[in-house]
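2 protein chains.
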Amino acid sequence: MTSPYEAPVQKLLDELGRLPGVGPKSAQRIAFYLMKAAPEDANRLARAIVEAKDRVSWCRRCFNFAEGELCVYCRDDRRDATVLCVVEEPRDIVAVERTQEFRGRYHVLLGAISPIEGVGPEQLRIKELLARIPAEGVEEVILATNPNIEGEATAMYLARLLKPQGLRVTRIASGLPVGGDLEYADEVTLGRALEGRREVEA
Amino acid sequence: MTSPYEAPVQKLLDELGRLPGVGPKSAQRIAFYLMKAAPEDANRLARAIVEAKDRVSWCRRCFNFAEGELCVYCRDDRRDATVLCVVEEPRDIVAVERTQEFRGRYHVLLGAISPIEGVGPEQLRIKELLARIPAEGVEEVILATNPNIEGEATAMYLARLLKPQGLRVTRIASGLPVGGDLEYADEVTLGRALEGRREVEA
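In the order they appear, the protein sequences are chains A and B. Per my numbering: the first sequence = residues 17 to 218. Per my numbering: the second sequence = residues 17 to 218.
Next comes chain A alone, as it looks inside the complex:
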C-alpha cells in the first residue's frame, strides 16, 4: 500500500519512528504536533538537533559529552585524578554527580558488553581506559556500570583486566533502594542486599 500521507509528512513519520521508544502511534502524535506548531517552534527543534551534533562531541579523555576537547569534569583541576568512576553512558555521570559523593574523574564506556546486541569489549572505550591508568596516576577504579546482566558482565570483564595492574578496583553496591520495602523486593536484589551486608557501627 502506498502512504496515505503527502511524501514529506511520511518522511517525517519514518524518521521519527526510528527514534528509541517512539512507535508508529507516538511518531504520528509528534508529527501532527509539529505540523500544527508554529514554524519557528519546529525549526528550533531541527536546529537544536543539528547544533548539538555540530558543536558537541566526545571528550577526548573520558568520552563524556564535550563542547571542546575536554568535558567539564576533565577540565576541572580540582577533581581527584587518582579515582576514576567508570560508567556506561554520559547520563550516568549526571546520576553520580547528583549524589555529591564523588569528586574524582569519569570514564564513559559508551555502552556495555552485550552478546545479544553484538556489543563486544572492542566496541567499548576500554583500550582508552587502560591507557589512562598509568598516564593519569589512577589508584582506584570504581565500576559503576548498571546492575543488570550487561553491566555486571562488563564490570567483571574490567575487573579481570584491571586487578592484575595492582589497582584498587571496586564495584558500586547492589541492594534495597532507600525507602524501599523488603516485602516488595525481588529475590535477586534482596539476595544481593544480604550478601553485601555490613557491620553496624554503633
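To be clear, the hints were calculated from the coordinates, so they are not data collected in a lab. If a hint is listed, it holds; no wrong ones were tucked in.
Anything over 12 Å on all C-beta distances counts as not near chain A; from chain B, calculated:
no., residue
1, 138
2, 155
3, 165
4, 208
Derived CB-CB ranges, DEER-like:
no., chain 1, residue 1, chain 2, residue 2, range
5, A, 84, B, 56, 22 to 28 Å
6, A, 137, B, 54, 19 to 25 Å
7, A, 186, B, 54, 31 to 37 Å
8, A, 146, B, 132, 54 to 60 Å
9, A, 70, B, 155, 54 to 60 Å
10, A, 55, B, 137, 21 to 27 Å
All C-beta atoms, glycine included, are put in the ideal place defined by N, C-alpha and C.
Start from chain A and add chain B according to the hints.
Quick look at chain B alone, frame taken from chain A:
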C-alpha cells in the same frame, strides 16, 4: 541548579521535552541516541522536520495536509462531493480510508471543542465547513469526531448548526469493538451498544 550538560545538549533535551508524550526520560533517551547516531542520520531527521513544515500545509478546502493547494482527496474528481465526513485531525482521515467504506470528501476541524483546554468552536474550521455546504452541493454530513466527551460535544454542536439547513446529518456508531468481549466492555460503551441496536436482517 545549572544544567549538568553542555549547553547544546541541554537545548536539545529542552526541545525534545516539548514534544507530546515525551517526558524527561524519553527526551534523554532520544537525545543520547541522536548524539551517538551518525551525523547524516540526525541531520536527516532535522531536514525531515524542516521540509515537512516548508512543503506541506493545509488543504485550502478541507484542512487535511496538502503539498499544494488541495489535498489528495480534494484533487480526486471521482470522490463523491455530496457526502462530507467531518473529522478532528488529518490522521482520522487515514483511519476512515483504511475501512474502504467511504468514497466522499472530508473536512478536518483541526481539533474538538474542549472548554478545559480553552478550545471553542471559533478555533475550529467550522466557518469553512458551513461555507462548503452550499458551494459544493453537500447532501449528507457524517460526524466522525471521536466518541469521547470533546468529540461528542463537537458533534452535538455541529448537528445543531447543520440540521436546520435541511441536510442529512449522521453520527458514526458507538458500540462494542469487533472481536471485543461483552464481559470486559465498560458500561458506557455497552450502554451505547444497546441503545444503537439494529434489527437483525435474516
